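S.K.: Chains as they are written, first to last, in numbering that gives the first Met the number 0: chain H, 0 to 341; chain U, 0 to 341; chain B, 0 to 389; chain G, 0 to 389.
Just so you know, these hints were derived from the structure itself, not from any lab.
Note that the coordinates shown come from a computational prediction; the quantities given were computed from them, not determined experimentally.
For glycine and all other residues, C-beta sits at the position ideal for the given N, C-alpha and C.
There may be inaccurate statements among the hints.
Stated by the list, open to error - Cβ pair distances, simulated, as ranges:
| # | chain 1 | residue 1 | chain 2 | residue 2 | range |
| --- | --- | --- | --- | --- | --- |
| 1 | U | A152 | B | R30 | 53 to 59 Å |
| 2 | U | G123 | H | P338 | 29 to 35 Å |
| 3 | B | R218 | U | Q9 | 53 to 59 Å |
| 4 | H | L337 | B | R268 | 24 to 30 Å |
| 5 | H | G269 | G | P220 | 57 to 63 Å |
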Amino acid sequence: MDLLPSADQQDVVRAAADFLAQEMPRDRIRQREAEASSVDAAAWTGCADLGLFGLSVPEELGGAGFGVEEEALLFRELGRHVAPGPFLSTVLAAQLAVAIGDADLVASIVAGKTTVGLAALRAGSTVDEDRVRGDLDLIDAVEAPLVLLLGPAGAALVETGQLGAVQTVPSIDPGVRLATATGVDAPVSAWLPAATRPLYLRGLVLAAALLVGIAEACRDASTEYAKTREQFGRPIGVNQAVKHRCADMAVQAELGMAQLYFAAVSLASGRPDAELQARTAKVVAAHAATVNAASNVQVHGGMGYTWENDAHLFVKRVEVLENLLGGRTEHLAEIVALPAPQ
Amino acid sequence: MDLLPSADQQDVVRAAADFLAQEMPRDRIRQREAEASSVDAAAWTGCADLGLFGLSVPEELGGAGFGVEEEALLFRELGRHVAPGPFLSTVLAAQLAVAIGDADLVASIVAGKTTVGLAALRAGSTVDEDRVRGDLDLIDAVEAPLVLLLGPAGAALVETGQLGAVQTVPSIDPGVRLATATGVDAPVSAWLPAATRPLYLRGLVLAAALLVGIAEACRDASTEYAKTREQFGRPIGVNQAVKHRCADMAVQAELGMAQLYFAAVSLASGRPDAELQARTAKVVAAHAATVNAASNVQVHGGMGYTWENDAHLFVKRVEVLENLLGGRTEHLAEIVALPAPQ
Amino acid sequence: MDLDFSADQRDFRDQVRTWLHENKPRDERPRAAAGIREYDLAWQRTQFEGGWAGISWPTEYGGRGLSLIDQLIWFEEYGRAGLPSVDANFVGLNHAGPTLMTRARDEQKAQHLRPILAGEVVWCQGFSEPGAGSDLASLSARAEIDGDELVVSGQKIWTSFAHVADWQELLVRTSRTGSKHQGITWVICDMHSPGIDVRPIRTMDGEAEFCEVFYDEVRIPLSSVVGDVDQGWSVAMSTLSFERGTAFTAGQVRLASTVEQLIELARERTGPDGRRPAIADDELARRLATARAEVAALRAMTYVGISRSARTGTPGPEGSIVKLYYSEMVKQVARLAMDILGPDGLRYVSRWIPGGWSGNYLYSYSQTIGGGTSEVQRNIIGDRILGLPR
Amino acid sequence: MDLDFSADQRDFRDQVRTWLHENKPRDERPRAAAGIREYDLAWQRTQFEGGWAGISWPTEYGGRGLSLIDQLIWFEEYGRAGLPSVDANFVGLNHAGPTLMTRARDEQKAQHLRPILAGEVVWCQGFSEPGAGSDLASLSARAEIDGDELVVSGQKIWTSFAHVADWQELLVRTSRTGSKHQGITWVICDMHSPGIDVRPIRTMDGEAEFCEVFYDEVRIPLSSVVGDVDQGWSVAMSTLSFERGTAFTAGQVRLASTVEQLIELARERTGPDGRRPAIADDELARRLATARAEVAALRAMTYVGISRSARTGTPGPEGSIVKLYYSEMVKQVARLAMDILGPDGLRYVSRWIPGGWSGNYLYSYSQTIGGGTSEVQRNIIGDRILGLPR
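Whenever a hint applies, use it, and build me the whole structure from the sequences.
M.R.: Written out as structure tokens, the structure reads:
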């Protein structure tokens, strides 16, 4: 038992972290605010070149052959950088394509040629192996040829062109593009039953990873500011109002990180309580990120409220992720109903 | 409009406050821990001599003729001193006796000769103008000849001797005596329909007053300790961890106090939203007292955890009062269902 | 201890309600600052002409000369009528006006007070600087005395409506000797002076309500100093105490109405389980009930504050309790709205538009920062109300 | 990043489980301190004789010489078996023992370590004083050197099991020159020495677990000093870091089992509406689910801590994160139990008795105070983990 990432695992994401810092700085979100897509093609291709979309695709299909643990580490970095773009749905779609043996689709995703957006079913809408029907929320899907749907019975890929009239929606998050499709009645182009591979749980773990990255980045940003910003002739971090807030942020980040690792390993190793661990990871990480993002604004004071500061980017991305793949109340209802953790 | 107590109103309770400080110090609770009754007869008689039980009884019936506002100020003092004894039920019983015109009972209560305990109905138990049936929780009732019941249809007085076998129960609060009576089928000796006089709402306001007194006493105790207790060569109150905690206690106490006044006046003047104001007073005061009592333990550190310190007396009385006349969830359910405040 | 309004006061309330109903602006409020200026000034002018401006201001400055309780009544009716917050007139009515009344010379009062009430001018504030936020006294915008003028260079920040303002209450450093609280001067700055450069700051909610103001050798007559040169700190402190006075009354009434709207929303919308209405969810229902209870208690606290001020004649440090509680509560209510909306909260809707819950949520982050952070308020409560050691 | 236990470790777990099942104490634990002493020592002796004492202690002191992971396994199985907390043996096993192993001279180790494991002696702690709580270094119990003895006078407080202890880890002031951190000496005190007076302190929950200890010219051989005279502060700091190490593992497992009991309780009991089971209440269900999630994450955090310690070899300041979170969570869970019980929570039931939720609630107040208050832990996290300025 060693729950911390190994040196090898850390190496896997080091290049990605450097690339993100260089090519996808958070400021890019502000710059691209008015563009149809939140992420530019060059950066997306760069990610493909680094192998990010195939990190956990088997080597024989052109991937790097790692598992959900390494992918979780990657997504933590993506979270830290509030990286724009449909990483989550694209990476999950690659897993779907692997599972159903569609090597062409795998290759296209891994190469960064096929991007996959996310679609969420509104209440009363349905998806099965044949068709999706009803109203959908689309996340970073407008420019993507495919959308991924994670329904209770399984995961589906649907061609975006089949969704009919797609209405873009002003988004709270300048790094995420939203749209809706109403009255959809579209064919499913690929289907993976939930029982075959727990794609949804994998999605929860990766969403948790994004949230953990945000919780950590907020802790770091506040700590840095508390060390350097002076008021009353001393760094504001000497004040317990600030110091203890940063300490609480450290607790939340550590907690989210630990549970993320536990859930990733649980999923990879097929522990019987993997579902409980994955849902718990999402809930704990979302709480950590929510609290830390809000604290980070407050620690930065007036600066934290400006558009120019990154603090609001964290707040907004947390809001998007909290509502992705089920919110707090949904997961808590399952957590209390599931058998006790092992 | 002047929501603060007038100089006259403050005078009314000044003598009571002095008496309580002198004759009912909080330490008396510890001393009487093993006694059947939490309050000694001499102190109770002293309260009667001061006219505390008849504060809001009409002058022609031997009272002082004040209203619920002055009574609320008195109960705030009782709360501050964590005064033991069935003040709440006794004072409400006097109001009941006034309402039904039982001058003898009024006189006996005002004189401190008849003490009235409180009884609460367990789920499934009932009370009407004839009988009380089922299981009861008894609060400071064992030594009292009568118990007061506040049911949805009205308020009843029942002779304690009619309740059958009464089982004493170890109490979390050394200043409150608990007991249960099961399988009760007893005659009601006096009955006041709820519609006639809102005795229950009056009870809520007085319970809120007790809680506000506790919230204030905790704020004061913590502030005093923060000024005098030294660690690291300075009073602990210089640390924001302590100072800001005390500040939050001040906010809670002010909030509880303000709403108490508002509710007392609403009830006295028959405002149409009096029920909402009274329930709100109980909820807000209980929250203030809960938070402040817990903070007060923490500010006092190890000392706050000792039996010798008063901090635990506040914590325990808050627990009793929170569960008296309906707890938080019950009042919140009504508050959201009632029409909006005026 | 009473909630009785006198016959005159009840009468006054009726008149206010009637007048507001008949005279409130009917056209939609513009969103650009220039438009807001004209809109807010026009509405202030209407109030002035109707005899309703400055309820508690002395009649010699064009006010009504009425009591704090009448002003409470005005704020309550104003809030209940759903009228726009004072915004462009805020600094003039709640900061500069009261400060000038208590601290300025007669000719300054004569020049400035009536135009504020009459809706002729917009005032803005020049207190905060990038390096002087919570630690306001460390401000460094400097002013040299040159003949009968101050020559100001430096920068201010968080100035609402700076780009459309006529006047500014400006704090500058006129001396660097002594403690940092000394050597500060409170001066009236003409915003049309040469050398002033205003740049909007875009904020978290995407709006640009605030500005940075840059001063490059801006010349201000010494006759515009309020109080004495180097003695501006105490003037500034009284300005801030007015801010924490009754200015929250209208906001508190608006917050109460926001809570009622939320309860309505929770009755109409499906809750997080996708089946029942949101209000059937025990947790949401209790949070809504708690909000209703807290907003009721906040109003009681406002009444207590006014009762106290009416007795003592001045706003005390208890204003910090109201400010702290109010601003934390605004945040909680905004958060509750997002939790009721669920994924629908991801759609950005400006807070200026009905149903703008998501914009309001983002805006709510400013509440515990602006006007003195919650941390500063807790310090004030600890130090000045509880007397804790510093 | 793995949760795999090796074949040996899985084997070890099976053995632990079997042994605990077969050998755990069957008779009820007494509640008086003297009885607890005998009970806890007997149980420790049983473990020692079975070869299960001191899983990660070196074999030379009678331990098993196994890894931190084996120790984790032991704590987990111990907690799952619902066995009593170490209580009377706590200071010996978790404070004094590890401190002696790393800081004591050989003859001190030889004399003291094996008896701790063997269940022959009870240790207690003498660090805190009435005037030195969070500010431990300001302690004033003084010791004069007289020949080859220290002569100790003063007072200590919060000493568990002082009245039944054999030995005490005692901090005394041997010098008043220099900073307050200098001049402190860590010494082994024989609790049977003349001049020691122990008085129980009754606490909030009505129990008397802690004592005050008074020293009137108590003579202790200089050979009992651990480390050097005047150099005891760094020894004390290592003692406290052991306390914040893996010592919470068993407590965390117990907390997890408490949460499961509460979920069971909420399924059986009627909820606050008097109709549905408590678990049908959305708010209570979510609080229970949150507790389950948090206790799972707490365990993950424990695993991370052990993984980190296994790599670095020493417990780091991260122990403060676990201690802070754990103790705040114990309070929350105790509160949740009271909210599920409603009026039934007013009945006092000792925490030593099954269903003793109300006693447990009162006891929970000690958790964020003892072993370093939550405020102290936040200072440590801010200063030592985040490197914030002091």
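S.K.: Hints first: check each against the structure and report whether it holds.
M.R.: To see whether the hints hold, each was checked on the structure:
1. At roughly 56 Å, the beta carbons of U/A152 and B/R30 sit within the given window of 53 to 59 Å.
2. For U/G123 and H/P338, the hinted distance range of 29 to 35 Å is satisfied, since their beta carbons lie about 33 Å from each other.
3. Between B/R218 and U/Q9 the Cβ separation comes to about 56 Å, which falls inside the hinted range of 53 to 59 Å.
4. Checked against the hint of 24 to 30 Å, the C-beta distance between H/L337 and B/R268 comes to roughly 28 Å, which is consistent with it.
5. H/G269 and G/P220 have their C-beta atoms about 60 Å apart, which keeps the hinted 57 to 63 Å range intact.
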